[in-house]
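K.L.:
Given these sequences and hints, build the entire structure.
Protein chains in written order, with the working numbering: chain U, 1 to 178; chain Y, 1 to 178; chain P, 1 to 178; chain F, 1 to 178.
Just so you know, these hints were derived from the structure itself, not from any lab.
Note that the coordinates shown come from a computational prediction; the quantities given were computed from them, not determined experimentally.
Watch out, some of these pointers could steer you wrong.
Any copy will do: because identical chains look the same in the list, a pair fits if it lies in one copy or spans two.
What the hints assert, rightly or not - In silico lysine to aspartate or glutamate, DMTMM-like type, Cα no more than 25 Å apart, as pairs:
#1 K109 x E70
#2 K109 x D37
#3 K109 x E158
#4 K109 x E18
#5 K109 x D54
#6 K109 x E149
#7 K109 x D38
#8 K109 x D74
#9 K109 x E148
Below are the chains, spelled out letter by letter.
There are 4 protein chains.
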Amino acid sequence: MSDQTETQQGWLSDEDIETVRSRMPIVYVEAVPVRVDDHGVITHVGLLLRAMPDGTISRSVVSGRVLFRERLRDALIRNIEKDLGSLALPRIPVAPTPAAVIEYFPDSKVSGFTDPRQHAVSLVYVVPVEGICEPSQITLDIAWLTAEEANSPEVRAEMTSGQDRLLRLALAHAGCLP
Amino acid sequence: MSDQTETQQGWLSDEDIETVRSRMPIVYVEAVPVRVDDHGVITHVGLLLRAMPDGTISRSVVSGRVLFRERLRDALIRNIEKDLGSLALPRIPVAPTPAAVIEYFPDSKVSGFTDPRQHAVSLVYVVPVEGICEPSQITLDIAWLTAEEANSPEVRAEMTSGQDRLLRLALAHAGCLP
Amino acid sequence: MSDQTETQQGWLSDEDIETVRSRMPIVYVEAVPVRVDDHGVITHVGLLLRAMPDGTISRSVVSGRVLFRERLRDALIRNIEKDLGSLALPRIPVAPTPAAVIEYFPDSKVSGFTDPRQHAVSLVYVVPVEGICEPSQITLDIAWLTAEEANSPEVRAEMTSGQDRLLRLALAHAGCLP
Amino acid sequence: MSDQTETQQGWLSDEDIETVRSRMPIVYVEAVPVRVDDHGVITHVGLLLRAMPDGTISRSVVSGRVLFRERLRDALIRNIEKDLGSLALPRIPVAPTPAAVIEYFPDSKVSGFTDPRQHAVSLVYVVPVEGICEPSQITLDIAWLTAEEANSPEVRAEMTSGQDRLLRLALAHAGCLP
Chain U
1 MSDQTETQQG
11 WLSDEDIETV
21 RSRMPIVYVE
31 AVPVRVDDHG
41 VITHVGLLLR
51 AMPDGTISRS
61 VVSGRVLFRE
71 RLRDALIRNI
81 EKDLGSLALP
91 RIPVAPTPAA
101 VIEYFPDSKV
111 SGFTDPRQHA
121 VSLVYVVPVE
131 GICEPSQITL
141 DIAWLTAEEA
151 NSPEVRAEMT
161 SGQDRLLRLA
171 LAHAGCLP
Chain Y
1 MSDQTETQQG
11 WLSDEDIETV
21 RSRMPIVYVE
31 AVPVRVDDHG
41 VITHVGLLLR
51 AMPDGTISRS
61 VVSGRVLFRE
71 RLRDALIRNI
81 EKDLGSLALP
91 RIPVAPTPAA
101 VIEYFPDSKV
111 SGFTDPRQHA
121 VSLVYVVPVE
131 GICEPSQITL
141 DIAWLTAEEA
151 NSPEVRAEMT
161 SGQDRLLRLA
171 LAHAGCLP
Chain P
1 MSDQTETQQG
11 WLSDEDIETV
21 RSRMPIVYVE
31 AVPVRVDDHG
41 VITHVGLLLR
51 AMPDGTISRS
61 VVSGRVLFRE
71 RLRDALIRNI
81 EKDLGSLALP
91 RIPVAPTPAA
101 VIEYFPDSKV
111 SGFTDPRQHA
121 VSLVYVVPVE
131 GICEPSQITL
141 DIAWLTAEEA
151 NSPEVRAEMT
161 SGQDRLLRLA
171 LAHAGCLP
Chain F
1 MSDQTETQQG
11 WLSDEDIETV
21 RSRMPIVYVE
31 AVPVRVDDHG
41 VITHVGLLLR
51 AMPDGTISRS
61 VVSGRVLFRE
71 RLRDALIRNI
81 EKDLGSLALP
91 RIPVAPTPAA
101 VIEYFPDSKV
111 SGFTDPRQHA
121 VSLVYVVPVE
131 GICEPSQITL
141 DIAWLTAEEA
151 NSPEVRAEMT
161 SGQDRLLRLA
171 LAHAGCLP
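P.N.:
Structure (structure tokens):
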């Protein structure tokens, strides 16, 4: 999970957010960007390549904090634009219920999902994108893979923090886990 | 629920389907057509006006049988096109899990959802439509209402068979039940 | 939403939590306690009567903050025991996906769900309870109502902050919204 | 999927049901029986061993047809008792929305889920069982496995018709897919 940009423009100093992170669960949204056909079937999954909080450069989905007084839908759109650019044309789901709820902890033994910086509660959505996706400054690459490719041992090995498992949960929700 | 057109073109004679209907639960899909803004928030709900199986002319959502060897997604698209025309441009949801599961019975006391013809198990989806919707031959009118209007006593009184309750379940799933 | 007890025993001083609340969305869980029959059908909904953050004494569901490093399931159980006592025997749902996601804001115009203290993101679960429920110190009463009674204008009038709407969303998820 | 017992006691002759099966999608319910701890976390998954429609003796979940005029909840309980005995004490989920919707076709290329006898639309639920489970006459064995064991290559190899994939979808819904 990455939120370098928003902490710089945010309403909390870098120091303040470090203090809060050591004391409170933080609300996140994550989006699995997908390409769909005209039947709503996922054809490709978008995986970003970037520097992760755990120090690795690895594959992940779109991720970011929900800001104070920000609606979840607005946070989803803002973070998708941050990671995929402003021309991605995301189709935000009608239902606010997430595809999965992920709990990140510094300690990997608690839930299997880890974030060395914080305890985060993340609402995960599968979001079709119809426009042009361009890696932003902090994203090195976006790969569009089939569900089979995204679940291959090779790609799984490029994901840390439980992102590969998050992806399987999201694909299962969409009925297309191989 | 209406499927006059498909029984005429179907793979079962009218007589055969009557026989089956008196012996087996029938699989249906229903779609609540909605207009959404660019945040995925429902702005309007589409309600058809048509002759219903119970003999009334009343408001309902898109509805129809799933045919033999037909995928649920194909049945959704076919029935949406049947009721809203081929230019409706439906955005079929990525997840196959329905917003609601409705059980229709001839006897209104069983579930509160009634169909005098049959026992039907219906998978209900909320489907954004982006194109032009035109009432088909068997549909007299399509009204686009806000969630508040669709839940008003006046509009509720125009719905039979439990369609008003189906609509509330679908709006609740989308987080916009008033 | 109420968390008087936990702020007293918590890991943040009352002053600290006021500071954070004015800057960050806070993670909540809410539980709609229900009695079910052996078919899983809701027979009664439990509504608490208590002092609410908005200054009213009104009806609400179980509600409380998620603590730092606390699993959502643990937070659900802790808050249910806080409000219903330690003999309630809650059946925590298998799936972590909530029945509804509610966003509370100080400003009632943002989402219709209000909390004068904070911006809260609340994961709402429907939780069957099988044991003895006793109002805790801060709860004045627990009323067990049918879905019809809980949706009556009289009972709705006893709920503030959008709790009546939250209840309708939860009942719809359970398929028993009248 | 197995329904030998119910076709014998049913309201359609064996010949009639063969005729219908060749012309209509059939409504099924499937239940993944699980043992849960007091936090609702799945500790074990129950897998039956039995003769399957495809001619194999393999592992599967509880499965059966929905009968004419039967509620889905009643069909779930009846089929669980058929496969696990009358002392299983299933906790039928409060929400009627299934964990997954599976479409079975004779042709394995359509959805990857196969049933040589029919086109079936199956609503899949994850059902905690609290009592004693005993294999019925047509069930040779019930194995209680952890999620990890149930997903191992060895156990996967004992499942046909897409049952291993169904299990992954259900475990993902419950948040415990490894």
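K.L.:
Evaluate each hint against the coordinates.
P.N.:
Verification of the hints:
Only between protomers do K109 and E70 lie at most 25 Å apart by alpha-carbon distance; the minimum there is 13 Å, versus 31 Å within a single protomer. For the homomeric pair K109 and D37, the shortest alpha-carbon distance between copies (18 Å) is at most 25 Å, but the shortest distance inside one copy (39 Å) is not. In this homomeric assembly, K109 and E158 come within 25 Å of each other (Cα to Cα) only inside a single copy, at 20 Å, whereas the closest approach across copies is 31 Å. For the identical chains of this complex, K109 and E18 are intra-copy neighbours only, at 22 Å inside a copy versus 31 Å across copies, given an alpha-carbon limit of 25 Å.
Only within a single protomer do K109 and D54 lie at most 25 Å apart by alpha-carbon distance; the minimum there is 15 Å, versus 39 Å between protomers. Taking identical chains as interchangeable, the C-alpha atoms of K109 and E149 lie at most 25 Å apart only when they sit on different chains, with a minimum of 19 Å there against 28 Å within one chain. In this assembly of identical chains, K109 and D38 lie within 25 Å of each other by CA distance solely across copies; the values are 20 Å between and 41 Å within a copy. Taking identical chains as interchangeable, the C-alpha atoms of K109 and D74 lie at most 25 Å apart only when they sit on different chains, with a minimum of 16 Å there against 32 Å within one chain.
For the homomeric pair K109 and E148, the shortest alpha-carbon distance between copies (16 Å) is at most 25 Å, but the shortest distance inside one copy (28 Å) is not.
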